[in-house]
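Undergrad: Protein chains in written order, with the working numbering: chain A, 1 to 306; chain B, 1 to 306.
Read the hints as simulated data drawn from the structure, not as lab findings.
Just so you know, not all the hints are guaranteed correct.
[To be verified] Now the stretches of chain B that chain A is said to cover, found in silico as 3 or more residues with beta-carbon under 8 Å: (1) 206 to 216; (2) 295 to 303.
[Claimed, not checked] If the Cβ cut is set under 7 Å, some of the chain B residues that face chain A in the computed set are: (3) Thr198; (4) Met201; (5) Arg290.
Using N, Cα and C, we set each Cβ at its ideal position, and we do this for glycine too.
Protein chains: 2
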Amino acid sequence: MKIGVIGAGAVGLYYGSLLQRAGHDVRFLLRRDYDVITGSGLTVNSPRGGFHLEKILGFRDSNDMGTVDLVLVALKAFANHLLAEMVRPLVADHTALLTIQNGLGNEELLAEAFGGDRVLGGVAMIGVNRGEPGVVNHMALGSIRLGEFNGGLSPRSDQLAAMFNAAGVTCEAVADLRKVRWEKLVWNIPFNGLCALTNQMPGRLLANPATRSLVAEIMDEVIAGGNAQGLSEPISGEYREEMLASTARHTSDYRPSMMLDRLEGRPLELEAIYRIPLRYAARQGAAMVRVGMLHALLDLGEPASK
Amino acid sequence: MKIGVIGAGAVGLYYGSLLQRAGHDVRFLLRRDYDVITGSGLTVNSPRGGFHLEKILGFRDSNDMGTVDLVLVALKAFANHLLAEMVRPLVADHTALLTIQNGLGNEELLAEAFGGDRVLGGVAMIGVNRGEPGVVNHMALGSIRLGEFNGGLSPRSDQLAAMFNAAGVTCEAVADLRKVRWEKLVWNIPFNGLCALTNQMPGRLLANPATRSLVAEIMDEVIAGGNAQGLSEPISGEYREEMLASTARHTSDYRPSMMLDRLEGRPLELEAIYRIPLRYAARQGAAMVRVGMLHALLDLGEPASK
Chain A
1 MKIGVIGAGA VGLYYGSLLQ RAGHDVRFLL RRDYDVITGS GLTVNSPRGG FHLEKILGFR
61 DSNDMGTVDL VLVALKAFAN HLLAEMVRPL VADHTALLTI QNGLGNEELL AEAFGGDRVL
121 GGVAMIGVNR GEPGVVNHMA LGSIRLGEFN GGLSPRSDQL AAMFNAAGVT CEAVADLRKV
181 RWEKLVWNIP FNGLCALTNQ MPGRLLANPA TRSLVAEIMD EVIAGGNAQG LSEPISGEYR
241 EEMLASTARH TSDYRPSMML DRLEGRPLEL EAIYRIPLRY AARQGAAMVR VGMLHALLDL
301 GEPASK
Chain B
1 MKIGVIGAGA VGLYYGSLLQ RAGHDVRFLL RRDYDVITGS GLTVNSPRGG FHLEKILGFR
61 DSNDMGTVDL VLVALKAFAN HLLAEMVRPL VADHTALLTI QNGLGNEELL AEAFGGDRVL
121 GGVAMIGVNR GEPGVVNHMA LGSIRLGEFN GGLSPRSDQL AAMFNAAGVT CEAVADLRKV
181 RWEKLVWNIP FNGLCALTNQ MPGRLLANPA TRSLVAEIMD EVIAGGNAQG LSEPISGEYR
241 EEMLASTARH TSDYRPSMML DRLEGRPLEL EAIYRIPLRY AARQGAAMVR VGMLHALLDL
301 GEPASK
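Only chain A is shown next, with the shape it has when bound in the complex (with noise of 0.2 Å):
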């Protein structure tokens, strides 16, 4: 499958690498680290077994990545207002766009811009971060769920999921993709926006009461915020004693990708994981108080807001 990576960071080219393995044609968008790559090659550490490329199809430009079947878009949604320029040249009739991005709203930007009937959507579980150039160090799981935009399970949804899971991706396709999207959510909300406001990584805020505390509240509001949008069936209170397990086993000294974007003076993506939620959410008359809190907590450290 001709494959075209849009947003190729640490989860974008992590995913976009294992499917070159696996022996599809995969081309990324290069910004950062262009010549390193495209020069040298890619080297992905990982418990589970690192591995090197040595040809990466990189491109500077997206008008000179030809049209593919499918593009993968792992781009940072603070740059989402380049994203449909960005992706265009790329779309063919047939060709379907998978976003991997956090948070909500991606489907629905590209659902504007291409048609929701080609757009899915995926949620990545997955502890991933560059390191020195042309090297991707994938820490912890690593898991996508996917589903049409437009709901249901599709022939199309099921082989994508195929595919990841040849690729070594363990991969679900499902009918719900909002429910998952929400599910993730339960997890962002509160670890990215903690860990960068209070440059502490998961494990230390579960082993401050008061903040462990918090933690479980936060993650009720957004369970509770999911609930209202009338999903196929309710995220149950267990998924949160889910998340805190998980996290405590896997992802406890895991920096978050929004701490680590506050650490490098990046803008963070408050508006995919924070303000679109709430918007979602009182519109259905969930009010996350906390999460409007944290919010606020973050947005007063961003350079825009200065």
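For chain A, the structure is supplied; the task is to place chain B on it using the hints.
TA: Quick look at chain B alone, frame taken from chain A:
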């Protein structure tokens, strides 16, 4: 009047020095800066006119201070476990105890140790910091409202108010001390905590729309929490607007005491300003959700919680 000042930080030194200048016999319990202050005196800088007191009666140990007519307590509330022991040597039969410490629980502590009938509380609206050793910088405001711990007006509370007024401190005796304590918390709870947490001054919090709303919402929670205590009359919703306007006018660039405590690595007054108010509010069914979240975030940064 013979007055013993326990807790000679910026606030205790400021009011004590005004009372001494007005002719009272004031004794200070000093830790930090004992040598400088007893050797070279105390300098007060103030927009209302600074002054220097050549001779300060300083003591390292309250056992050497003798009994007094009035004990003025301005100790940081995080040192309250030492308070009764420090105060005891100053107490004769007729001695009154006036605590102008922050937050809730201070009068209760003195009442338990010495009997409620000799205890008064005062709420100081003041911006004052310590400068170099032997120097107090008065920035803004300075008034005190004081009242009997047991409630109601008394000849004693009127007399103390008159004493402060004669010394140049605008002071009012009030019948409902609990009400003015909660009114002070309407300012302290948002600004002390948010400034300490974000390392930003009040004016910056009010300039960002998201945190300005947050400050107002926290003030609403505290007003509701106070009003749930059955005050003599409720704190009005207009009080919030007055506090926001007064902050913008007077203390926009003022570092609240808790912000300085955090910057200088001291513990924070979390018990008096957050935990006791949260307990009192919860007991009456008022949740103060954002206040609880702010407390959790502050607690995470405490040395003891690490």
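Undergrad: State for each hint whether it applies.
TA: These are the hints, each one checked on the structure:
1. 206 to 216: holds (count 5)
2. 295 to 303: holds (count 6)
3. Thr198: 6 Å, holds
4. Met201: Because about 12 Å separates B:Met201 from the closest Cβ in chain A, which is outside the 7 Å limit, the hint is violated.
5. Arg290: Since chain A brings a Cβ to about 5 Å from B:Arg290, closer than 7 Å, the hint holds.
Figure legend: structure checked against the earlier numbered hints; the only hint not met is number 4.
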